[in-house]
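Line by line, the protein sequences give chains A and B. Per this note's numbering, the very first residue in the first sequence carries number 1; after that it's consecutive. Per this note's numbering, the very first residue in the second sequence carries number 1001; after that it's consecutive.
Don't take every hint at face value.
What the hints assert, rightly or not - Derived lysine-lysine pairs resembling DSSO-like cross-links, with alpha carbons at most 27 Å apart:
id, chain 1, residue 1, chain 2, residue 2
1, B, K1098, A, K71
2, B, K1042, A, K57
3, A, K9, B, K1056
4, B, K1056, B, K1098
5, B, K1071, B, K1056
6, B, K1098, A, K9
7, B, K1042, A, K70
8, A, K83, A, K9
9, B, K1098, A, K57
10, A, K14, B, K1042
11, A, K71, B, K1042
12, A, K83, B, K1042
13, B, K1098, A, K83
14, A, K9, A, K57
15, A, K71, A, K14
16, B, K1056, A, K70
Claimed, not checked - Partial list, derived from the structure: chain A residues whose beta carbon lies under 7 Å from chain B:
id, residue
17, D30
18, L90
19, G97
20, N99
21, G105
22, G107
Since the hints were made in silico from the structure, they are not lab data. Just so you know, even glycine gets a beta-carbon here, dropped at the ideal spot from N, CA and C.
Each chain, written out:
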Amino acid sequence: DGGITQSPKYLFRKEGQNVTLSCEQNLNHDAMYWYRQDPGQGLRLIYYSQIVNDFQKGDIAEGYSVSREKKESFPLTVTSAQKNPTAFYLCASSIWGNNQPQHFGDGTRLSIL
Amino acid sequence: GESVGLHLPTLSVQEGDNSIINCAYSNSASDYFIWYKQESGKGPQFIIDIRSNMDKRQGQRVTVLLNKTVKHLSLQIAATQPGDSAVYFCALKGNTDKLIFGTGTRLQVFP
């Protein structure tokens, strides 16, 4: 079945450590997105990519980095510069263009050891 | 700035009743709106969308109503079932073509 796969489901980070969250999609979507979800808040955009080898900062990009080497894959690295990384991270993809819904994976929950 | 708010953080309904979940938004230029359902520990699931040239759209057991005059969006679920229990949130396209998300309403269905 077509969809978006995020891994791992749970991830623990030590102080000073970088961790990478995986996101893969087989929907043939051009656009991919990373969001952060915290309790009581709406989803906040970290980074997005409209096309391979190109990506843009979202509203809360500090402390995060991404790459888009393949259409299917959009990994997110949470760096040691992100001082409050504990959150639920969601990856989404869509057809790029006006008025297209984004479809989400099942998330990665990141916690600090 | 742009904002999206839901009217109630929690809504409790009896199984079989209709549910209505509301969203208010601030940007009158928004032209695309989406409702998502999120179950515990999972990602948001697309339910239904509506464009600003419409004021009503129906799906299977769900109806979305858009009132652009008062900048209000609602999701109606007919004959609510236990499987409908989840957090529902709206999203809309903002000035920059990116989606802006509301904080969500938790729907609880009791027998």
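Quick rundown of the hints versus the structure:
no., hint, in the structure
1, B/K1098 - A/K71, "20 Å, holds"
2, B/K1042 - A/K57, "25 Å, holds"
3, A/K9 - B/K1056, "37 Å, violated"
4, B/K1056 - B/K1098, "23 Å, holds"
5, B/K1071 - B/K1056, "14 Å, holds"
6, B/K1098 - A/K9, "26 Å, holds"
7, B/K1042 - A/K70, "25 Å, holds"
8, A/K83 - A/K9, "21 Å, holds"
9, B/K1098 - A/K57, "12 Å, holds"
10, A/K14 - B/K1042, "25 Å, holds"
11, A/K71 - B/K1042, "24 Å, holds"
12, A/K83 - B/K1042, "25 Å, holds"
13, B/K1098 - A/K83, "26 Å, holds"
14, A/K9 - A/K57, "24 Å, holds"
15, A/K71 - A/K14, "31 Å, violated"
16, B/K1056 - A/K70, "39 Å, violated"
17, D30, "14 Å, violated"
18, L90, "5 Å, holds"
19, G97, "9 Å, violated"
20, N99, "4 Å, holds"
21, G105, "5 Å, holds"
22, G107, "5 Å, holds"
Checked against the numbered hints given earlier, the structure breaks hints 3, 15, 16, 17, 19 and satisfies all the rest.
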